[in-house]
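Novice: Those sequence lines, one after another, are chains A and B.
Each residue of the first sequence is one higher than the last, beginning at 0 in numbering that gives the first Met the number 0.
Each residue of the second sequence is one higher than the last, beginning at 0 in numbering that gives the first Met the number 0.
These aren't lab readings, by the way, just hints derived from the structure by calculation.
It is possible that some hints are incorrect.
Selected chain B positions facing chain A (Cβ under 8 Å, derived; list incomplete) [stated by the list, open to error]:
| no. | residue |
| --- | --- |
| 1 | Ala120 |
| 2 | Gly186 |
| 3 | Tyr187 |
| 4 | Pro195 |
Glycine included, C-beta positions come from ideal geometry on N, C-alpha and C.
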Amino acid sequence: MIMSKEQNHIISTIVEHKPGVLYTVSNLFRCRGFNIDSISVGPTEQSDLARMTITVKGDERTVEQVVKQLNKLIDVIKVSRLNPASIVTRELALIKVRALDTKVRSDVINYAEIFRARVVDVSSESLMVEITGTSDKIDAFLDLMKPFGVKEVARTGITALSRGVKSVKIE
Amino acid sequence: MVKMSGAQALVEALKQQNVEVIFGIVGGAIIPVHDVLRDSGIRHILTRHEQCAAHAADGYARASGRPGVCMATSGPGATNLVTGIANAYLDSSPVISFTGQVNTFAANSSYMIGRDAFQEADIIGITTPITKYNCQVKKASEIPKTVKLAFHLATTGRPGPALIDLPKNVQTEIDEMKFSDKMKVRGYKPKTEPHPIQVKKAVKLLLEAKRPIVLAGGGVIISNAAPELLELAELLMMPVATTFMGKGCFAENHPLSLGNVGMHGTHAANKLILEADVLLAVGTRFSDRTTGTLDQFCPDAKIIHVDVDAAEIGKNVSVDVPIVADAKETLRVIHQLLIHQLKRRENSAWFNRVKELNGQFESEMDPGDCDLKPQLLLKELRKILPENSILATEVGQNQMWAALYFETHKPRTFISSGGLGTMGFGFPAALGAKVACPGSAVVDIAGDGSFRMTEQELACSVMEKIPVTVIVLNNSVLGMVAQWQRLFYDKRYAAVELGSIPDFVKLAEAYGAQGVRVGSLKEFSEATKKALKSDVTTVIDVPIHPEENVFPMVPAGKGLNDTILG
């Protein structure tokens, strides 16, 4: 068996938009010992369909099994492996940073501007920043915030779509 | 559109699926269905434990090729089904379960499911990993289409169990019902036709092969592909090894038959599969019990893998030619292409090798002249049983002796728990098989340990007049575990002693069945012949030596070439 390198893969699935489907999908990963790195779920342009964007770490063989096993689920309608070279990926993060004095506050606001992030909440002891972008960008911004003291982080996980005119249509 | 209750709609939907029999146990949350069922003409067989209802439905399905149906109440009734459902899932058997559920709302109109009501269990959550499809019906009007969908999914593609959960108020709710032929399943399109390019590659490999071999699994039986397999094997003079689940898909008295391959495979099968240059694997998932350690499995062979389930291809073994399609159709197409390109192959060096090893198989399997050896008993049983008889087994040594020594000639006549290895499966499955095929003799090969797990179904067999023959190979130990402890744990026996209780003759009689103890092969033969004619279930207690082993054996984690012959 050839073991290829472990890599991050993005799998985009269109599923029936109904209760229990997220459970079925996440349960599959648990049962078969696949690790979910992140998962984001939301409605699509069709009200009865939802899109789940799942990132998994694994070698080629594992990811191929993930895709095949997902395809077997009755409520999963379409599974695509996204090619990193031709997709747009985005993640959103809310970051609460400790900011007791004006020096820190202005530093955080400056960094936020450079990263095209926004301050969305201010309290006497902290700022909350909203940032959108690729995961790398968010990681980089978080590194910059660490010296100030990051109190809380909420990240959505990656969502992604292929570029160009191609689209998935479900009857 | 017709106005009726959910329970009436369920029974009507079952009739439309030609359901004739349901195995189950009643309980508070399923009474409304039983209230309709009692006058419906559908036979309800009352088992004494829900696990056995699921196993019986499974045995019914395997013997007949039609879906088996079982029913239980909410909570413990539903959870008792779980082992039976998991068993059906691993062996791809179309068992359809209906469970009662607590009301979706309470009398004060607040929501009841999810509030830990009496006998509430989240059976949908529990069975999600072990069903092909499950669904809790929220409105009575959804029942017709849900039932139709469950039967469709359970029986097509790679079959598997389905479960429908029915809250009690949905059973009693009256609504307009629409029984339509239309079905909408966007996420399910099983592929049946093989891809022509892959078929061509397979044909080329088979034509060039010097030492081709077939590995035929349970999928060959499920898709009724035995005739196509026989034609192809004979055309190419290609030996056929079966997985445990494939036993019966190729007549074991055929010169090309090698018997089972794997942990308790025959000498010939385990040796020849490693010598092959092309392996045509059909309807098998390359389970660890079949392949042994993977790095030593078929090192020199090009592998063609035919399976209707795409996820099985490349899961355990890397293959050269993947074919995602129905076994029957694929074998037919391959045969059709080959027949134009070659004449029937006569005695080749490879076939001579097959004959040589198959001969060895006989001598090395010869268990000697001790009288009541299980090996001899199973060979004797083959002589007694008519061709269309069905043999069910329990799990453990009894099962592996049956696999090795009971020659199976036809598909669906050997019924056993392969994937899950469920002790206690054989007896209720035998009852289900007998219900499906009342004209066939049905025999359960049991161990004393396994039989104790579901022996209470003697009550069901007597009350419902389902006569089968149970042969208890009684060694007073949990024999297979004892064998492992003997061989690999320095004879440090632990938790395997069962003692010589109960008295199986008295036990059978206590249930109104017949019991007989035999002390020689002759007595066994007479008792069996008598049991086959009886209209009541017979338990034949056969005391055997507690240290009898099953050989050949490949130790766990070893390769097929590490077979211990005895």
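Novice: Taking the earlier hints as the rules, which of them does this structure contradict?
Specialist: Failing hints, ascending: 1, 4.
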